[in-house]
Structure formats: C-alpha cells, structure tokens
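Visitor: Sequence:
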Amino acid sequence: MLRKRFFTAPAAALVALVLGLGGALVSTTAASAHTPRVTTDCQTLTVNLTQYADQKAAVPGTSTTTYQRYSWTGGNTETAPTEVPPSSNWQANTSNYKGELPLDVAFQEANGSNSSWFFWDSTVTTTPGTPATTNTVTVTIDGVVVERADFGKSFAKSYTYGDKYVAHSYSVAIIAHDDPTGSRGWTKTFTGTSTPCARPDVTVPVQLTYMTACAVDTTNTWRFRNPTSTPVTLSLSDGATHVATPGDSIYETPRSSTTLTATWGGPGTGVVAGSTVKASGVDEISDACAGPKPETKVENGQWSVVSTDCETRTITETRTVTTTTYARVGNQWVGTPTTSSETVTRDMTVAELDEYCPVDEQPDALVVRGEWMVGEPDCDSRTVTETRTITRTEFVLVDREWVPGEPVVTERERTRDMTVAELDEYCPVDEQPDALVVRGEWMVGEPDCDSRTVTETRTITRTEFVLVDREWVPGEPVVTERERTRDMTVEELDEYCPVDIEPAALEVLGDWVVSSADCDTREVTETRTVTTTPYVLVDREWVPGESVVDTEERTRPMTEAELDEYCPVDLEPAALEVVGDWMFSGKDCDTTTITESRTVSTTPYVLVDREWVAGSAVETTELRTRAMTDAERTALCPAVPVTPLGELPTLALNDPSTLALTGPSAALGGLGIAGLVALMAGLGLVLLRRPQPVSEEN
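Numbering of the sequence shown is given in the working numbering, commencing with residue 1 and proceeding in unit increments.
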C-alpha cells in the first residue's frame, strides 16, 4: 500500500515565520508611503511614482525525505497486514534506510516470528518557495498604449501630446504587487483629458481673384485662395458670408455684381483683421479658373473592436478610411470619396483587460498540516505530548494571475494517551512468554477409494499470552486442526473400498458440424461423432477400455445467421419506371403553344421472405408546354375573317318588295346558311380540344 505524507519542517517554518513577520514590519512602514502622481498640461503628461515596495526575485522551494522502519507486533499472519503504521501493532525501530528494500508497503524477510513483517515509511518534508513580485504601470494616450513597464521603488517619465491645441484623453493604470486588488489604495487607475493650449492670432492673407478663365454664364465666379492651414470666415459686400478653407474655394455672384469686397478676422476671432477687393473680368473655362488641384484627403473613422485574445492580452480593432480624390468639373474641383477598412492588433489597456478578461475570484488559501511530532512521554500517566505546524498560504494577484503569497506558519500542541506501540517503546514491559501448545491424537476420517488413501485429523490448541494492564496472562486458546493423508492398508481397502459394480459405458457426443446447405428448402444437414467407451477391471479399479466411434446425421431449418451466410439475399433491383405518352391538354393561340401531360409510374422492389418482389406503384404527372407546329397552328387556331357590322346586309322580312321578289323562303335561306357555318366552326373547336396522342418529336 503506497502512502506519502508531506508537511513543512517545523524549524524551517519557524524561521520563515520570523523572517515573514520582520519583513512585514519593514514593508508596512515603507508601503504605507506609496505616492503616485499623475499631472498634465496642454502638451505633456507626467507620471511620477515614488516610495513603492521594491521588486522581489523568486525563491525556489526545497524538499527532503526521511525514513522510519516498523516491525509487525500484531501476531503471526501469512498475508501482509492491511494496517498502516504508526499504530499499536507496528513498533518503530531504525531509521537508517539503505535503499534496497520496498517503501510504503509491508514486506516479509523471515517466517515464523512476530518480526517477520516490516514496513519502511517515507516522509517528504517541503519548504515552499515564493514567486517573484513586481509593480506594473500602463500608460494610454487617446486609446493607444504608449508604455507598459515593470518597476521597483519608483518610476518617472513624461509623454508629449501630438497636437497641443486639441484635447487628449489619457489613462495611467498602476498595479502594486503588495496591493493587487486595490483594497489598500495603492493599486489604482488615473484617467482624464488634457486642456488644449490657446492658439495665438494668425495672419491669413486671403487672395481674391476674378476667374477670368470661366465660361460666360449668368454669374460671376470668384476664387478665394487661403495659403494657410486656418479656415477663416469672410464677410462679403453682397451681405453673405463665405468660409475660405485652406487652399482655393469658389464663390459666385450675379452677373450684375461687378466688384466684390471681403473682410475677415478681428478681436476675439484668433485671426488678424484683413480685407480685399476685386473687380470682375471676362469669363472662360480653364485649369487656371479652377485653381490648384486640392491634395487627396484621407479621413480616418473611429476604431471599433473586432475580437479580443485574453491569452496574448491583445485586441483587434477596425476602422473605415475615407480617401477623397479631386477632379475638375467646369471651374471647380469636385471630390470623389472612396471608403476602405483598416485592421490593427494592439495590447489591451487595463480597462479593456478588466472588461474583456476579468480576473478570476481569489482561490482558497493553501493549508498544509504537518504530522504530529511526539515530544517527551509520561510513563506515570501513560500520555505523550505532540506538536505540529500548520502552514497557510494566501493567494495574491500578480500580473492578473493568482499565485501563492508568503506562507504563515502556526504551531499546535496536544496531549493524548500513548498507544501500545508507544508504551512498548517508551515504557517497555517484559518479553512475551512462549505460547502453550497441546497436540491431540490422530483420528481416522473419510477414506478415499480413488487414491486408496485415508485422511486423518488432530487438533492443536495454542494459547498465546496477552498483555493485560501490562501483565502477560494466558489469552483465549486458539484451536486449529491439522490433517494428513496416508495410503490405506489391505484390510482398510477391503473394509472401506469393496469393488463396485461395473459402471455404464462412457458416451461422448461431438459438436454438430454443418456438412451441406439447401437454399431451396432452407435447411442444413449436420453430422457429429458419438464415442462409446466401456469399462474394464484393472487392479480393483474399473478403467475405460477401447473406444468405439459412430457418426450421427440430422437435417434442420437454417437460422437467420445461416441463411445470411449460405443463402445471401441478392442486391435490391432498380425500381420499374413506366412512362406514358404525351397527351394534349390545352392550347394558347395568343402564344401559339400547346400544353401536354403524361403519367410516370414508379414501382420500387420490397423484400418479402428474403425475395425481392414488386411493391406498390406510385404515379406522378408531368406537364410541358411547347410551341405549335405549323400544322397544329392551322388546325387549332384558324384565321377567321371579320366583316364589319356596317357592311352586313340587313334582311327585312317584313319588306313587301323583298317578299314579293324572293318570298319568305329566300330571306330565311340566307340567314340559315350563316347560322350553319357558325355551328360547324364551333363543333370543330370542340373536337380539336379533346386530348389526343402526340408523338415525341412534336
């Protein structure tokens, strides 16, 4: 049985405790003065961190192994004891282990004595190490990490903003290794926004030019050229305002305006006051009218998060980039924007780490309880005082990971009654007397006529001495029975083993073996051997004689497995498909097409009693539309001449002149012929609409 025990050595724990307490006193005095300072003006961010706890290097742990041998005192046993030392049945002795015997398992070196079983116990004593500790600072300006550094007692650095005339956001995240959760106020994050520097008044020498190269139209076109990077608002003589952006901008007035005056700037605008005036000229179109072509403009959108990776502590962001290129349209440069995307991967800020990769809850402290160590025994009270150490290690947050901190060691003490083994070791008594042994007479038991032997038994009563209140007295007697077997005498053979009547012959039936299979009748023929052996008398024993072998045969129905093996089912045939002829079902004289239909009958095969037979047929109807042939178009859609109503003769049956010339029969005859023609045409259409077979090529 393997058993390992791990505990911190008391001496090492005591030293660690003293050093830990001393270090705690020193660190408390120094750490209480943690001084973080973060200041900013319009162009510089300054970080100055002083009086922090210094960095510490990692200290590796150590371990040693000690050994103790125990001798079994719990009585004779032929199997290994399941009880594990230390206990009352194991007595400790030497601790000089030389490495050649099993560890942490009972083993036997000799037989027949109480010391035949031994147990070497190994104990590993560990002194835990301590991890490295450091302080960290992360500086972020306008969402970009510009510094991530480890530091000891202090850190100082300044960072210059890109444009001092605009506001900049900043974040300074500080993690003190002796305050990873921020509960003591030393781990904190400073955030804010800088105030832009005041811009000085600038001189903007706006130039006004009448665009003499512009085409003649209903307006006058003027060009304002701003050679600076500062846009300026112009007050114009026509009462309007115009923003002169950096570069060239165009302004139009009615053709009646012959002179344009512009003024700008003045107190409170940040621009020195200025003015210009220009008279109109002749118009035409040219590049000179449009002015210099503006530079391609690139505008970046806001970054948006695509994905985060907590393993590498990085974040992937994307943003749109709009690029505007310019082309001249008439006398103006017209910009055309195109949009693309840009993706970058960068380190996460502390705030982003808190949002996307939160720190796990603090694990429970590690508690290691040492083994009880025996102190001075007291034989009068039969007690012993023991001590042991308890080492508790809280987890601390280092670089967003929980790692074991400084261990704290305490000591516990208890007094208990000594075990029997401890009484034997510290308060020994006399040696145990030899057991009392009484052996009985041999008694004849049941004879064995097969082996012609007889078994005899006798009892052996063994009384061990037991320790009662540390005195040896006879214990409970243990009665065991011994047995021996010997050959019978001739007289005993005649008495106990007379010759038996001849036994029946032995018959051994072999296994049935398939010799043939008939798939028509679904039967198999099997054969097996029958071996018959009669007995003969040899030396008072009936023994098997010569064997006679016969053969039996039988026919039986096949099992499903045998049918699959000897008469496998054929593969499923393909389904039967019967396709009917295409039949006329409709026409459309407007599109000169015919609609036809036909039936498709599909009959799948099904397995019935291991035979594939045709199953139920499934009928479907297919439709198609095709163009009429010339013959079909003539037959199905004949051209009917149309006579305007105004040209039809009027039959006046009551006209005396008509009746006089032709009589009523002549007038009615004309009407009857027209009706007969209409009736025949109708019958023809009805006959043509009846379904009729159509050949595949049609």
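Mixed in with the good hints, there may be bad ones.
As the list claims (entries may be wrong) - Calculated cross-link-like contacts (lysine to any residue; reagent style SDA-like; alpha-carbon spacing at most 25 Å):
#, residue 1, residue 2
1, K297, R313
2, K56, V321
3, K56, P81
4, K153, A279
Claimed, not checked - Pair ranges (Cβ atoms, derived):
#, residue 1, residue 2, range
5, V144, R412, 51 to 57 Å
6, Y67, R486, 48 to 54 Å
7, V243, E299, 29 to 35 Å
Calculated from the structure, these hints are not laboratory results. All C-beta atoms in this analysis are idealised placements derived from N, C-alpha and C, irrespective of residue type, glycine included.
Visitor: Work down the list of hints and note, for each, if the structure agrees.
Guide: Here is what the structure says about each hint:
1. K297 with R313: violated, 34 Å
2. K56 with V321: violated, 47 Å
3. K56 with P81: violated, 51 Å
4. K153 with A279: Violated. K153 to A279 sits at ~73 Å, over the 25 Å cutoff.
5. V144 with R412: 51 to 57 Å: holds, 55 Å
6. Y67 with R486: 48 to 54 Å: holds, 51 Å
7. V243 with E299: 29 to 35 Å: At roughly 18 Å between Cβ atoms, E299 and V243 fall outside 29 to 35 Å, so the hint is violated.
The earlier numbered hints that this structure contradicts are 1, 2, 3, 4, 7.
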